[in-house]
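Novice: The primary structure of each chain is shown beneath.
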Amino acid sequence: MSQLSLAVELAGLGLRNPTMNAAGVLGMSSYQLKRLYESGAGAVVTKSLGRQPRNGHPNPTIVFVEGGVINSMGLPNPSAEYFRDEIKRLKAENIPVVASFFAASIEDFTYLASILTDAGADALEINCSCPNVGREKCMLEADRESLEKVTKAVREASSLPVFVKLTPNVANIVEGAKIAEENGADGITAVNTLKALAVDIDLRKPILSNIIGGLSGPALKPVALRCVWELFENIEIPIIGCGGVSYWRDAVEFLLCGASAIQIGTALMDHGVELFKEVNEGIRRYLEENGFRGVKDIVGLAHET
Amino acid sequence: MSQLSLAVELAGLGLRNPTMNAAGVLGMSSYQLKRLYESGAGAVVTKSLGRQPRNGHPNPTIVFVEGGVINSMGLPNPSAEYFRDEIKRLKAENIPVVASFFAASIEDFTYLASILTDAGADALEINCSCPNVGREKCMLEADRESLEKVTKAVREASSLPVFVKLTPNVANIVEGAKIAEENGADGITAVNTLKALAVDIDLRKPILSNIIGGLSGPALKPVALRCVWELFENIEIPIIGCGGVSYWRDAVEFLLCGASAIQIGTALMDHGVELFKEVNEGIRRYLEENGFRGVKDIVGLAHET
Amino acid sequence: MRREVHRVVKVEEVKQEAKDVFTLYFKDNFCSSASPGQFIMVWIPGVDEIPMSLSTINQKGVSSITVRSVGEATRILCETKVGEKIGVRGPFGNGFTLKGSKPVLVGGGTGVPALYPLASKMLISGIKPSFILGARNAEQLLFKDRLQEILDDLIISTDDGSLGFKGYASECLGRLILEKKCDSIYTCGPEQMIVSIFKEAERRNIFVQASLERYVKCAVGLCGSCGIGPFRVCKDGPVFDSISLRAVMNELGFKKMDPSGRLIPVEK
Amino acid sequence: MRREVHRVVKVEEVKQEAKDVFTLYFKDNFCSSASPGQFIMVWIPGVDEIPMSLSTINQKGVSSITVRSVGEATRILCETKVGEKIGVRGPFGNGFTLKGSKPVLVGGGTGVPALYPLASKMLISGIKPSFILGARNAEQLLFKDRLQEILDDLIISTDDGSLGFKGYASECLGRLILEKKCDSIYTCGPEQMIVSIFKEAERRNIFVQASLERYVKCAVGLCGSCGIGPFRVCKDGPVFDSISLRAVMNELGFKKMDPSGRLIPVEK
Ligand SMILES: Cc1cc2nc3c(=O)[nH]c(=O)nc-3n(C[C@H](O)[C@H](O)[C@H](O)COP(=O)(O)OP(=O)(O)OC[C@H]3O[C@@H](n4cnc5c(N)ncnc54)[C@H](O)[C@@H]3O)c2cc1C
Ligand SMILES: Cc1cc2nc3c(=O)[nH]c(=O)nc-3n(C[C@H](O)[C@H](O)[C@H](O)COP(=O)(O)OP(=O)(O)OC[C@H]3O[C@@H](n4cnc5c(N)ncnc54)[C@H](O)[C@@H]3O)c2cc1C
Ligand SMILES: Cc1cc2nc3c(=O)[nH]c(=O)nc-3n(C[C@H](O)[C@H](O)[C@H](O)COP(=O)(O)O)c2cc1C
Ligand SMILES: Cc1cc2nc3c(=O)[nH]c(=O)nc-3n(C[C@H](O)[C@H](O)[C@H](O)COP(=O)(O)O)c2cc1C
Ligand code: FES
Ligand code: FES
Chain A
166 MSQLSLAVEL AGLGLRNPTM NAAGVLGMSS YQLKRLYESG AGAVVTKSLG RQPRNGHPNP
226 TIVFVEGGVI NSMGLPNPSA EYFRDEIKRL KAENIPVVAS FFAASIEDFT YLASILTDAG
286 ADALEINCSC PNVGREKCML EADRESLEKV TKAVREASSL PVFVKLTPNV ANIVEGAKIA
346 EENGADGITA VNTLKALAVD IDLRKPILSN IIGGLSGPAL KPVALRCVWE LFENIEIPII
406 GCGGVSYWRD AVEFLLCGAS AIQIGTALMD HGVELFKEVN EGIRRYLEEN GFRGVKDIVG
466 LAHET
Chain B
166 MSQLSLAVEL AGLGLRNPTM NAAGVLGMSS YQLKRLYESG AGAVVTKSLG RQPRNGHPNP
226 TIVFVEGGVI NSMGLPNPSA EYFRDEIKRL KAENIPVVAS FFAASIEDFT YLASILTDAG
286 ADALEINCSC PNVGREKCML EADRESLEKV TKAVREASSL PVFVKLTPNV ANIVEGAKIA
346 EENGADGITA VNTLKALAVD IDLRKPILSN IIGGLSGPAL KPVALRCVWE LFENIEIPII
406 GCGGVSYWRD AVEFLLCGAS AIQIGTALMD HGVELFKEVN EGIRRYLEEN GFRGVKDIVG
466 LAHET
Chain C
15 MRREVHRVVK VEEVKQEAKD VFTLYFKDNF CSSASPGQFI MVWIPGVDEI PMSLSTINQK
75 GVSSITVRSV GEATRILCET KVGEKIGVRG PFGNGFTLKG SKPVLVGGGT GVPALYPLAS
135 KMLISGIKPS FILGARNAEQ LLFKDRLQEI LDDLIISTDD GSLGFKGYAS ECLGRLILEK
195 KCDSIYTCGP EQMIVSIFKE AERRNIFVQA SLERYVKCAV GLCGSCGIGP FRVCKDGPVF
255 DSISLRAVMN ELGFKKMDPS GRLIPVEK
Chain D
15 MRREVHRVVK VEEVKQEAKD VFTLYFKDNF CSSASPGQFI MVWIPGVDEI PMSLSTINQK
75 GVSSITVRSV GEATRILCET KVGEKIGVRG PFGNGFTLKG SKPVLVGGGT GVPALYPLAS
135 KMLISGIKPS FILGARNAEQ LLFKDRLQEI LDDLIISTDD GSLGFKGYAS ECLGRLILEK
195 KCDSIYTCGP EQMIVSIFKE AERRNIFVQA SLERYVKCAV GLCGSCGIGP FRVCKDGPVF
255 DSISLRAVMN ELGFKKMDPS GRLIPVEK
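First to last, the protein sequences are chains A, B, C and D.
Residues in the first sequence are numbered consecutively from 166, following the numbering used here.
Residues in the second sequence are numbered consecutively from 166, following the numbering used here.
Residues in the third sequence are numbered consecutively from 15, following the numbering used here.
Residues in the fourth sequence are numbered consecutively from 15, following the numbering used here.
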């Protein structure tokens with residue numbers, strides 16, 4: 166039986182479907198990422214990798230709130246160098262890999278971009294939007310100048326498609342996206358988490374060891390959709406939607422608002438890795454029932470009046 | 166039976182308890198506000214009033230999402246001038262009134278501040294953070310310069326305590342708060358809604374007529390708590406916490422993070438105006454059970470290590 | 015899912031009731047378990063979202079609204095074809111409470127369809143209501159056949175006397191109360207009609223539940239735009255009983271909030 | 015509320031089990047309906063949040079954890095006084111599945127308490143398990159009295175022979191299997207012990223469920239820090255059966271993720 170194809174082309178990358186895991190979610194090893202791919206993801210995204218191994222913040226690093234979770238993992242990662250072999254292992258099985266990374270200096274961004282490119286990643290995702298580490302640790306996009314420099318440096322250091330992942334914690338997300346676009350980014354991932362906090366009234370203490378963390382999950386979705394909407398109206402490069410996708414309907418919402426692909430993080434907690442298959446089946450059914458011929462047909466469709 | 170008093174002093178204002186309605190929620194008339202006060206609110210906050218009557222955006226102006234609602238009322242209001250009599254009616258019954266207002270020019274801010282002061286309001290709340298009207302309609306705090314000018318102008322035009330209500334849609338909420346503080350604000354209300362969007366996959370259209378609206382309710386709470394936390398660490402003037410308070414526990418969370426009073430909006434939908442009483446009773450029980458003597462004792466307590 | 019969340023439903027059937035009045039049938043789980051007197055918000059994308067009482071509830075899962083074309087949104091709704099989609103959320107508001115053993119229902123204009131589910135529910139509960147069906151003239155009478163089918167005691171009243179009693183529904187009501195010893199009144203229709211009926215009822219000391227209209231935006235009791243006195247039509251109403259009606263007599267029939275929140279005169 | 019949300023509970027009772035091992039009792043609804051083998055995250059404010067198996071489940075609503083002091087967080091937990099408060103969330107993970115009619119449970123060190131609720135549950139289900147209780151020496155044996163009270167067949171095994179069988183629990187297991195024709199093995203304890211037991215079981219073709227430990231951060235299967243092969247100890251485990259164990263033999267007993275995600279050697 167011939168089924169409608171979910172294949173998408175994303176900044177030159179051919180993917181069997183438009184779903185990926187969100188950076189930092191089950192991306193600690195090639196084994197974990199391979200499992201996500203086998204469960205149906207169109208591509209897999211590594212944990213954000215840095216120059217040095219990092220243990221991240223002490224526990225508690227996650228707390229549950231209504232509508233989502235707040236995490237302050239603090240970018241634990243085994244280092245990009247260590248992860249090279251993991252990427253090679255994934256590439257040996259032809260799994261499309263997006264390498265997420267962060268750094269504290271332009272030199273490190275350049276260095277990491279080149280070793281991840283050499284390792285065989287299919288695309289790079291610059292994480293300059295993690296709310297969980299101080300400014301010294303990772304350049305913030307809110308700072309226009311750093312964003313410009315970082316994008317340019319990575320662009321020059323690698324021939325791969327470069328995605329820039331943005332934070333929603335800004336007054337105007339379009340500004341940062343435009344800077345990235347002008348400096349050679351091939352796509353924008355929108356969004357990272359919202360800066361948030363949870364406090365316990367019995368112990369009268371913030372729950373996270375780092376006090377402040379990032380809110381993800383359903384609570385983030387309406388904000389993420391708004392960001393994707395605004396970006397689609399203002400930039401030309403493709404958008405990867407991220408934030409609270411928990412059901413196939415959410416994925417379709419992101420596509421209609423202008424995302425060319427979507428990432429799933431927090432929802433894997435409740436729905437398991439099987440979620441990729443469910444989301445893809447849901448998108449397929451939606452396209453078929455509404456007479457569309459492919460994912461591309463509905464990208465940004467809600468903008469037409 | 167003698168009960169622990171919930172009375173608070175807020176920027177010179179003596180209130181019987183630390184709860185208020187959030188601006189724009191059931192503040193369209195003195196009747197509505199009186200009902201809130203009778204239901205237990207410590208003070209009442211008017212709908213944000215402007216120079217001219219405004220109908221606001223066409224419907225749909227509200228949409229329900231997981232963890233909250235997105236509204237784009239568009240600041241409908243009968244005008245400050247019209248509302249003078251409403252304020253007088255409330256003052257005739259000795260109800261503490263916070264007059265919320267917005268304007269498109271410094272002249273209008275000055276004018277509105279003075280007529281609302283004359284009408285007898287107990288405090289002013291500058292709404293320069295509504296996500297639902299364009300820049301031309303209302304000065305955005307993200308713009309440091311306007312915030313400075315507006316605060317200064319209102320400060321000069323009125324002898325009342327002036328609260329500045331901030332938006333969470335900024336990279337750094339402390340920046341705006343400091344500007345307000347330096348220019349004479351007596352308190353900060355934190356926060357207004359998060360810019361958000363909802364789209365319908367069957368009709369493939371954004372649901373709000375204005376496309377983008379503001380997210381309130383439980384989904385906003387962790388972000389609001391984070392803002393209050395950051396403000397408490399960085400400013401001296403009192404903070405009025407707002408965003409997702411739905412149970413007494415939430416109110417206590419805001420107090421522990423540094424709010425001296427709290428406002429309730431969206432939760433009145435599910436819990437009714439009876440919520441004020443429940444929240445106050447909950448706070449009282451909490452204070453008693455934990456051996457505190459008043460609300461003041463726990464303001465900011467989670468910051469102590 | 016909560017009933018406040020939007021759903022998109024397909025219009026399954028359209029029935030013309032009068033020159034400018036149409037009933038749209040659709041299927042929706044929340045609506046089919048609504049209480050008589052509750053309303054929904056109907057979204058016409060790109061146009062408006064407006065409140066509409068449910069005129070059918072729970073008959074084989076089918077619900078309906080009955081719309082009079084009075085402006086842009088209602089005109090477009092009235093032109094809806096079978097198979098087209100509309101957005102709905104709700105049901106909202108309190109609905110009617112069954113009280114009394116000899117109730118009389120008084121409907122005028124598009125207030126009539128909102129009373130139809132109430133009449134059905136009364137019958138199921140073993141109560142046989144009287145029903146005064148009012149309109150300007152015979153052509154504008156709504157739901158006449160449907161009501162006749164289920165009711166023993168349907169009284170028609172037209173302002174011009176083109177059918178049934180000649181005069182206002184409230185006058186007709188006065189007689190009926192005496193005749194039938196009615197012990198409770200349910201009414202929905204033009205505001206001035208409601209005022210007359212309420213006054214009539216007050217004089218005779220009979221308990222009233224009346225469904226009112228104000229400008230509805232949020233429909234969930236937050237924005238305050240539907241205010242009448244201390245009440246919100248969308249949440250405390252749309253059905254108000256005698257006690258509440260007494261509390262708003264300084265506004266009822268005189269003043270209403272316009273979309274900006276200012277009180278403006280009610281149409282006479 | 016979801017079980018993932020933090021609760022703060024009062025420590026109701028503290029029992030010293032060995033020089034450096036204490037059991038803390040508390041009340042919590044989610045914990046008292048946990049499955050044997052599940053764990054919770056215990057928050058010690060200002061210090062850490064660490065995984066702990068439940069060592070009592072559902073006895074009059076009381077739950078417990080049994081903690082060996084090995085570092086800062088466990089030391090502070092072991093010093094907790096009655097009436098003090100700790101934070102908990104969970105229970106998390108899969109827990110054990112009842113299989114076989116002649117099971118044997120093999121516990122070593124602080125792995126023993128995690129098997130206690132399993133033994134209780136088996137008894138309730140009419141299954142009489144054998145239990146090998148292992149430790150370095152007699153002083154380190156945990157839950158000996160409690161287990162003796164409920165079990166007919168408790169075999170004690172110490173490395174130094176200071177009580178019961180002299181040698182490793184896995185050797186003891188070899189004999190028991192032959193003797194009793196055991197048809198399933200449940201084990202919790204030091205990783206090298208688990209490896210030996212699993213090998214023993216594989217040789218004899220007996221199905222195993224083993225509870226493993228890795229560095230747990232989120233406890234809900236998101237962060238990947240507790241990875242072992244393609245699995246997450248917090249979500250796919252902590253209990254793994256023979257099929258899964260076979261799939262991770264290149265890591266089990268050899269390598270584990272450190273908090274940065276790098277594979278480092280497992281203690282021998
Ligand atoms: C609880 C309730 C139940 C109702 N039930 C029915 C019904 O069953 N059948 C029916 O035909 N009509 C009903 N109405 C009235 C109906 O909502 C209006 O006729 C409709 O909104 C007009 O919209 P329009 O765009 O066609 O007209 P417009 O030209 O926009 O306005 C015409 C009139 O309708 C009023 N109106 C417009 N928008 C709203 C709104 N959002 N809320 C309230 N009034 C509005 C205006 O104030 C004006 O008086 C009900 C109203 C309420 C409040
Ligand atoms: C599912 C599971 C159940 C457990 N059940 C029990 C139990 O019932 N009783 C008991 O005494 N111990 C149990 N442990 C082990 C216990 O979690 C560690 O001993 C404890 O975390 C040590 O913390 P510390 O700060 O005292 O020591 P540290 O000095 O911080 O570390 C000592 C050792 O504990 C490990 N450790 C530290 N933090 C963690 C963590 N977050 N997750 C996993 N390991 C960690 C370190 O890697 C190191 O090997 C369990 C572990 C897991 C994974
Ligand atoms: C446990 C956890 C770890 C994360 N780690 C990273 C990371 O390393 N790099 C990054 O760019 N984003 C990270 N994120 C953010 C996610 O990639 C994603 O942007 C966010 O969670 C919103 O998507 P969701 O709502 O689907 O989870 C992390 C999120 C979670 C929950
Ligand atoms: C229907 C509605 C109308 C609002 N109108 C205003 C307004 O006029 N002025 C204002 O400053 N904030 C307005 N807000 C924002 C609230 O005052 C408040 O900041 C926000 O809703 C967060 O609080 P909550 O989560 O308790 O609702 C409005 C919110 C809602 C839901
Ligand atoms: S329409 Fe908003 S309160 Fe009734
Ligand atoms: S601790 Fe297991 S995935 Fe995070």
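Calculated from the structure, these hints are not laboratory results.
Each hint should be verified, as a subset may be incorrect.
[What the hints assert, rightly or not] Partial list, computed: chain B residues near chain C (C-beta under 10 Å):
#1 199
#2 363
#3 437
[What the hints assert, rightly or not] Straight line, CA to CA, 25 Å or less: simulated DSS-like cross-link-like pairs of lysine-lysine:
#4 24/C - 95/C
#5 29/D - 113/D
#6 135/D - 158/D
#7 370/B - 41/C
#8 142/C - 194/C
#9 370/B - 95/C
#10 74/D - 116/D
#11 158/C - 370/B
#12 33/D - 194/D
#13 41/D - 113/D
#14 461/A - 370/B
#15 33/C - 99/C
#16 213/C - 194/C
#17 180/D - 33/D
#18 461/A - 442/A
#19 256/A - 269/D
#20 199/B - 269/C
#21 370/B - 24/C
#22 135/C - 158/C
#23 343/B - 370/B
#24 269/C - 256/B
#25 213/D - 180/D
#26 253/A - 269/D
#27 269/D - 199/A
#28 158/C - 194/C
#29 253/B - 158/C
#30 95/D - 113/D
[Said to hold, decoys possible] Partial chain B-side listing against chain A, Cβ under 7 Å, derived:
#31 335
#32 339
#33 369
#34 388
#35 400
#36 414
#37 422
Every residue gets a Cβ at the ideal spot worked out from N, C-alpha and C, and that includes glycine.
Novice: Each hint should be assessed against the structure and marked as holding or not.
Specialist: For each hint, the structure was consulted:
1. 199: Since the shortest Cβ distance to chain C is 7 Å, the answer is holds.
2. 363: holds, 8 Å
3. 437: Cβ of residue 437/B sits 8 Å from chain C, so the hint holds.
4. 24/C - 95/C: Roughly 10 Å separates the two Cα atoms, so the pair holds.
5. 29/D - 113/D: violated, 32 Å
6. 135/D - 158/D: holds, 18 Å
7. 370/B - 41/C: With a Cα-Cα distance of about 21 Å, the restraint between residue 370/B and residue 41/C holds, given a limit of 25 Å.
8. 142/C - 194/C: Status holds; Cα separation ~12 Å.
9. 370/B - 95/C: Holds: residue 370/B and residue 95/C sit about 20 Å apart, inside 25 Å.
10. 74/D - 116/D: violated, 28 Å
11. 158/C - 370/B: Given that 25 Å is the threshold and the Cα spacing comes to 39 Å, the pair is violated.
12. 33/D - 194/D: violated, 34 Å
13. 41/D - 113/D: Violated. Residue 41/D to residue 113/D sits at ~29 Å, over the 25 Å cutoff.
14. 461/A - 370/B: holds, 17 Å
15. 33/C - 99/C: Roughly 23 Å separates the two Cα atoms, so the pair holds.
16. 213/C - 194/C: holds, 19 Å
17. 180/D - 33/D: Measuring from Cα to Cα gives roughly 22 Å; hence the hint holds.
18. 461/A - 442/A: holds, 19 Å
19. 256/A - 269/D: holds, 23 Å
20. 199/B - 269/C: The given pair, whose Cα atoms are some 19 Å apart, holds under the 25 Å limit.
21. 370/B - 24/C: OK: residue 370/B and residue 24/C at ~16 Å, within 25 Å.
22. 135/C - 158/C: The hint holds at about 18 Å.
23. 343/B - 370/B: violated, 40 Å
24. 269/C - 256/B: It holds: about 23 Å lies between the C-alpha atoms, which stays within 25 Å.
25. 213/D - 180/D: holds, 20 Å
26. 253/A - 269/D: Given that 25 Å is the threshold and the Cα spacing comes to 20 Å, the pair holds.
27. 269/D - 199/A: holds, 19 Å
28. 158/C - 194/C: holds, 21 Å
29. 253/B - 158/C: With Cα atoms ~50 Å apart, residue 253/B and residue 158/C exceed 25 Å; violated.
30. 95/D - 113/D: violated, 39 Å
31. 335: Given a least distance of 5 Å, the restraint on residue 335/B holds.
32. 339: violated, 12 Å
33. 369: holds, 5 Å
34. 388: holds, 5 Å
35. 400: This interface hint is violated because 17 Å lies over the 7 Å limit.
36. 414: holds, 6 Å
37. 422: Holds - the Cβ of residue 422/B comes within 7 Å of chain A, reaching about 6 Å at its closest.
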